[in-house]
Amino acid sequence: MTDATFDRDVLGSAVPVLVDCWAPWCGPCRAVGPVLDQLAEKYKGRLKIAKLNLDENTGIGSRYSISSVPTFFLVKNGRIIDTLVGALPREQLESQIARIL
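Residues in the sequence shown are numbered consecutively from 998, following our numbering.
These are calculated hints, taken from the structure and not from any lab test.
Yeah, the Cβ is synthetic: ideal placement off N, Cα and C, and Gly gets one too.
A couple of the hints might just be wrong.
[Stated by the list, open to error] Computed Cβ-Cβ distance ranges for the label pairs, DEER-style:
hint : residue 1 : residue 2 : range
1    : A1020     : I1077     : 13 to 21 Å
2    : K1039     : S1062     : 24 to 32 Å
3    : R1043     : Q1089     : 14 to 22 Å
4    : E1088     : S1059     : 25 to 33 Å
5    : G1056     : P1086     : 24 to 32 Å
[Unchecked claim] Here are the simulated lysine to any residue pairs, SDA-like style, with alpha carbons at most 25 Å apart:
hint : residue 1 : residue 2
6    : K1048     : A1095
7    : K1073     : E1091
8    : K1048     : P1013
9    : K1041     : D1006
10   : K1041     : T999
11   : K1045     : M998
12   : K1039     : F1003
13   : K1048     : D1004
14   : K1045     : D1006
15   : K1045     : S1059
16   : K1048     : E1091
17   : K1039     : N1074
18   : K1045     : F1070
19   : K1041     : Q1089
20   : K1039     : L1008
21   : K1048     : L1081
22   : K1041     : R1076
23   : K1073     : I1094
24   : K1039     : Q1093
25   : K1045     : R1096
26   : K1041     : A1028
27   : K1039     : R1076
28   : K1041     : L1098
29   : K1041     : G1009
30   : K1045     : L1081
31   : K1045     : L1033
32   : K1045     : Y1061
33   : K1045     : S1092
34   : K1048     : L1098
35   : K1073     : R1043
36   : K1048     : V1032
37   : K1048     : G1058
38   : K1073     : G1042
39   : K1045     : A1011
40   : K1039     : I1094
I would like the entire structure built from these sequences, with the hints used as guidance.
Now the structure itself:
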């Protein structure tokens, strides 16, 4: 996903979205990546997981005042429902996902 496709892919999504705002130099971001891939498979069709590289897409970082990575947005019906910061354990991510499904 990119700055240019964020509104369409996230805010315009028919299903809830977990947005992963990350950076390639961020160790915790890389650590949580495989967990997100597993969650994407588990919730396929019910939840979209979108990854946004903030080094390459600075517009969204500025728009939402993101100062730490990883930062996650939970989006439903075009609205950000919650923002989570840090490399959270799978159980905590799933608990937050359950709130928007």
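Hints and how they fare:
no. : hint                      : result
1   : A1020 - I1077: 13 to 21 Å : 20 Å, holds
2   : K1039 - S1062: 24 to 32 Å : 30 Å, holds
3   : R1043 - Q1089: 14 to 22 Å : 19 Å, holds
4   : E1088 - S1059: 25 to 33 Å : 32 Å, holds
5   : G1056 - P1086: 24 to 32 Å : 30 Å, holds
6   : K1048 - A1095             : 19 Å, holds
7   : K1073 - E1091             : 15 Å, holds
8   : K1048 - P1013             : 14 Å, holds
9   : K1041 - D1006             : 15 Å, holds
10  : K1041 - T999              : 21 Å, holds
11  : K1045 - M998              : 12 Å, holds
12  : K1039 - F1003             : 23 Å, holds
13  : K1048 - D1004             : 14 Å, holds
14  : K1045 - D1006             : 9 Å, holds
15  : K1045 - S1059             : 23 Å, holds
16  : K1048 - E1091             : 17 Å, holds
17  : K1039 - N1074             : 21 Å, holds
18  : K1045 - F1070             : 12 Å, holds
19  : K1041 - Q1089             : 19 Å, holds
20  : K1039 - L1008             : 22 Å, holds
21  : K1048 - L1081             : 14 Å, holds
22  : K1041 - R1076             : 20 Å, holds
23  : K1073 - I1094             : 11 Å, holds
24  : K1039 - Q1093             : 15 Å, holds
25  : K1045 - R1096             : 14 Å, holds
26  : K1041 - A1028             : 21 Å, holds
27  : K1039 - R1076             : 23 Å, holds
28  : K1041 - L1098             : 12 Å, holds
29  : K1041 - G1009             : 17 Å, holds
30  : K1045 - L1081             : 16 Å, holds
31  : K1045 - L1033             : 10 Å, holds
32  : K1045 - Y1061             : 20 Å, holds
33  : K1045 - S1092             : 16 Å, holds
34  : K1048 - L1098             : 19 Å, holds
35  : K1073 - R1043             : 11 Å, holds
36  : K1048 - V1032             : 13 Å, holds
37  : K1048 - G1058             : 13 Å, holds
38  : K1073 - G1042             : 14 Å, holds
39  : K1045 - A1011             : 9 Å, holds
40  : K1039 - I1094             : 11 Å, holds
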